[in-house]
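*Asks:* Two chains, two frames, a set of hints: combine them into the complex.
Sequence lines, in order, name chains A and B. Its first residue numbered 1, the first sequence is counted upward by one per residue in the working numbering. Its first residue numbered 1001, the second sequence is counted upward by one per residue in the working numbering.
The reader is advised that the hints may include incorrect statements.
To give an idea of the chain A side of the interface with chain B (calculated C-beta under 8 Å), a few residues [what the hints assert, rightly or not]:
{"id": "1", "residue": "Cys23"}
{"id": "2", "residue": "Asn29"}
{"id": "3", "residue": "Gly35"}
{"id": "4", "residue": "Leu62"}
{"id": "5", "residue": "Asp69"}
{"id": "6", "residue": "Gly131"}
Just a sample of chain A residues kept apart from chain B, beta carbon distances all over 10 Å, derived [what the hints assert, rightly or not]:
{"id": "7", "residue": "Arg3"}
{"id": "8", "residue": "Leu7"}
{"id": "9", "residue": "Gly11"}
{"id": "10", "residue": "Ala16"}
{"id": "11", "residue": "Leu98"}
{"id": "12", "residue": "Gln100"}
{"id": "13", "residue": "Leu102"}
{"id": "14", "residue": "Leu103"}
{"id": "15", "residue": "Leu107"}
{"id": "16", "residue": "Met147"}
{"id": "17", "residue": "Val160"}
{"id": "18", "residue": "Phe161"}
{"id": "19", "residue": "Val164"}
It should be emphasised that the hints constitute simulated quantities derived from the structure, not laboratory data. Backbone N, C-alpha and C fix where the C-beta goes; we use that ideal spot for every residue, glycine too.
These are the residues of each chain, in order.
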Amino acid sequence: MTRQDFLIKWGVYALALLPVWFCEVYILNRIPVLGVIPMLLPLAAVCVAVLEGATAGAGFGLFVGMLCDAVYFNADGAMTVVVCLIGVGAGALAQYVLRQNLLGCLLCSLAALAFIDAGRIAARLLTGQAGLPAMLSVAGREILWSMVFVFPVYALFLWVFRRVPKKTVL
Amino acid sequence: MKDFFRNNGVLILIAAILLALVTAVVSALLGGGANPLANLVNIVTTPVRSGISAVAGWAEEKYNDTFELEQMKEQLEQALQRVAELEAKERQYEAALQENERLRDFAGLRPSSLSFDPESATVTERSTSNWNSTLTISKGSSMGIAVDDVVVDQYWNLVGVVAEVGENWATVRTLVDVGTEMGGQIARTGGAAILEGDFALMGEGKLKLTYLPENSELMSGDLITTSGRGGVYPPGLAAGHVEEVRTDPSGMTRYAVLIPETDLAGLQQVFVIKDFEVVE
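In isolation and in its complexed conformation, chain B is listed as follows (with noise of 0.2 Å):
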């Protein structure tokens, strides 16, 4: 050890300490930007992201089209019986619409509605960490997005929010992430929760609904949407469905677990939704 000491070894210490300090404060005056260094790596290994994301896209493509034909063609129909079923749900819808417009009209208020300037991007990376869950995208700063953005797939389920931009990447933190937090509404009932990660649920993929209201009486399969509460975020957003109403270890109190709509794992396009408009 004292040789360690007599040579360079205290100063490349320091170095570090130094070295992490600088990148510690960087980070936090960015405030979700990414630090330099990430930023350049990032930047650099852009095009292997991208590379090994496309093969494996392909990969994955050809494994279905070989192993997973039968249980393909049973998801088509299910699928084509779920069209149908929602196709008759339509017409009635389209007789609500009207009335509803008729009623706005009526009482003299602006149609409602809710636009969005969404931004598509392709997944190019993973989780790098088993304490997080992550995934990095091909748009970055340079196409305007930004700290705090939404993200869905392309069927407008709620993927995740945007964490830290780099210039032509960023990293999105998913839905079953520890650190998400967002307003939550029960479709059904209109009831207001919170979407909230939980790091033992994580691993399974899924996440929890906490505060929820009194009285109510979720069922299984539920769906929760994003509430659009405070604004931040915009509302009628697929999050998840109930899987099950547990109670707290405190026994005090209930959470749902939900399962996302999205396929976290198999998300290959995602779009960043830049900003939104609500017209209530």
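With the rest of the complex left out, here is chain A (with noise of 0.2 Å):
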């Protein structure tokens, strides 16, 4: 793959994640189903970690996991790590213990956000902010509210994931 095929891949990648983006930040966050809004930007990379791999799963997590951080308040930098480390367990399970399809992705997509609303929690719980029953409510509902969006998410990466060049060469 020539350095050309390997900016338009990665370039169209990054122009799937702006309609999740939209959805997420900008039409679902304004109708929450069981009190939660989904959380989507890290099921994109999910999504493309499974399909791709490890390797390319952490550097569109680190791509993903900045966007994350632009745009959920508080932050700080943590998204970046966190969904590149997404990027990079999603991509490696798929690879070596899972399969690359609809299934291996709904597991990943379930790890992913587990861990994430797990940092979450356990912050909280060190700075005692909230109390524990109240926050896995929430993380709970939020899980299973994001879960519903892996289908149209995944079906959207497959689509760009099979019209670009498969190998991938950083």
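*Replies:* Structure (structure tokens):
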């Protein structure tokens, strides 16, 4: 794959991220379901990692993480590392343990969302900001509602994956 | 996994950690000012946010016109009745004000006053997370807005406090957010307490009033305002009214659950108090 192919491929992935970002930040946050809004950006990182593998997942996770830091209030850089790790983990799991398909993506998404919310709960427990039952309730509903969006997000990135050059050379 | 380490995955992880550290340090140094990346993203997306906000406002208005006409008629009826009650009270207050003025004059005191420097702004975005309650508004540091400025609605009800400022946008931490903590005052008795956000209540759009004065007999419906003690936030802004008084799980202290006066879900226009002066 030439450098131009590489740039086009990741440019298309970045473009595919736009509707996901748009839906999460500008539309779905206005219509909460079960009292919560879904997290879609980390799902995009998981989908690409599952389809492209650990290295590409780490790179795309880094990019998505930076975007999360820019759009989520009070993230202060944490999401850059967290989503990059999610990209690595999801990519490696799908490549070596699970399969690079929808089922693998669902399992990796569940793990990723649980990882993010576990971090949030731990941070708030340390600062004594909130009680565990209330946080578990929010995390549970958030993960449940977000998992519904794995299907459309995976379909979007699978569509892109089938149209871009396959071998990634960094 | 070996492939991953053989390729450049580790370098990407190191880059992520370094970037996160830079972001954290820059955010800490800016002390509430948005980090450059967040500032850039928000500046670029301002037209999109404003457009969506306008469309959502229009759709909401149409929905209200179509489906909530009866409810609005009822609300209008109640509002007219309330206006009549308030007009009657105002006549009593007018006499009390004149008496107060005469007494202050007699005692040689300066007339008390409270003046504000408000900046109007539009709400362009709601919370993007379930873990905080925030609003993004259409004005930022270029209009003189700074961190810790108080935000109110058109009826001077407390909305929140500016938590992060960018060039042409700012993030407002609403009064129900977990991070909220400011002096409150029970309007009926004058007792001081603390307005505090609570994670469990945040989802219901409510907040707590803690450190209640001893022997305070709070009643459901009591109005709570900002106390203005400490001089950081202006006094007299309506924060909420008491829904109920509960006892803390330890059984040692009591707190009141407040329903905000402002309609956080329906806010479209707010005012940022950039500066205020109180003469007591």
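*Asks:* Next, verify each hint and record whether it holds.
*Replies:* Going through the hints against the structure:
For Cys23(A), the interface hint is violated, the least distance from its beta-carbon to any beta-carbon of chain B being 11 Å, above 8 Å. Interface hint at Asn29(A): satisfied, since its Cβ lies 5 Å from the closest Cβ of chain B, which is below the 8 Å cut-off. For Gly35(A), the interface hint holds, the least distance from its beta-carbon to any beta-carbon of chain B being 5 Å, beneath 8 Å. Restraint check, Leu62(A) versus chain B: the minimum CB separation of about 5 Å is within 8 Å; hint holds.
Taking 8 Å as the C-beta cut-off, the interface hint given for Asp69(A) holds, the closest approach to chain B being about 6 Å. At a threshold of 8 Å, the smallest CB-CB gap from Gly131(A) to chain B is about 6 Å, leaving the interface hint in force. Arg3(A), annotated as away from the interface, keeps every beta carbon of chain B farther than 10 Å; the closest lies near 15 Å. Every C-beta of chain B lies more than 10 Å from that of Leu7(A), the closest at about 16 Å, which supports listing it as non-interface.
At roughly 17 Å from the closest C-beta of chain B, the C-beta of Gly11(A) stays outside 10 Å, upholding its exclusion from the interface. With a least beta-carbon separation of about 17 Å from chain B, Ala16(A) lies farther than 10 Å from that chain, consistent with its non-interface assignment. Every C-beta of chain B lies more than 10 Å from that of Leu98(A), the closest at about 13 Å, which supports listing it as non-interface. Separation of Gln100(A) from chain B is adequate, the least Cβ-Cβ distance of about 14 Å exceeding the 10 Å criterion.
Chain B leaves Leu102(A) outside its interface by the beta-carbon criterion, the shortest separation being 23 Å against a cut-off of 10 Å. The beta carbon of Leu103(A) sits about 21 Å from the closest Cβ of chain B, which is more than 10 Å, so the claim that it is off the interface holds. Remark: the non-interface label on Leu107(A) is consistent with the geometry, its nearest Cβ contact in chain B lying 17 Å away (cut-off 10 Å). The Cβ of Met147(A) sits about 15 Å from the closest Cβ of chain B, beyond the 10 Å cut-off, so the non-interface label holds.
For Val160(A), the non-interface assignment is confirmed: its Cβ lies about 20 Å from the closest Cβ of chain B, beyond the 10 Å cut-off. Listed as outside the interface, Phe161(A) is consistent with that label: its C-beta sits roughly 19 Å from the nearest C-beta of chain B, beyond the 10 Å cut-off. With a closest Cβ-Cβ approach of about 18 Å to chain B, Val164(A) is found to remain outside the 10 Å limit, as its non-interface label requires.
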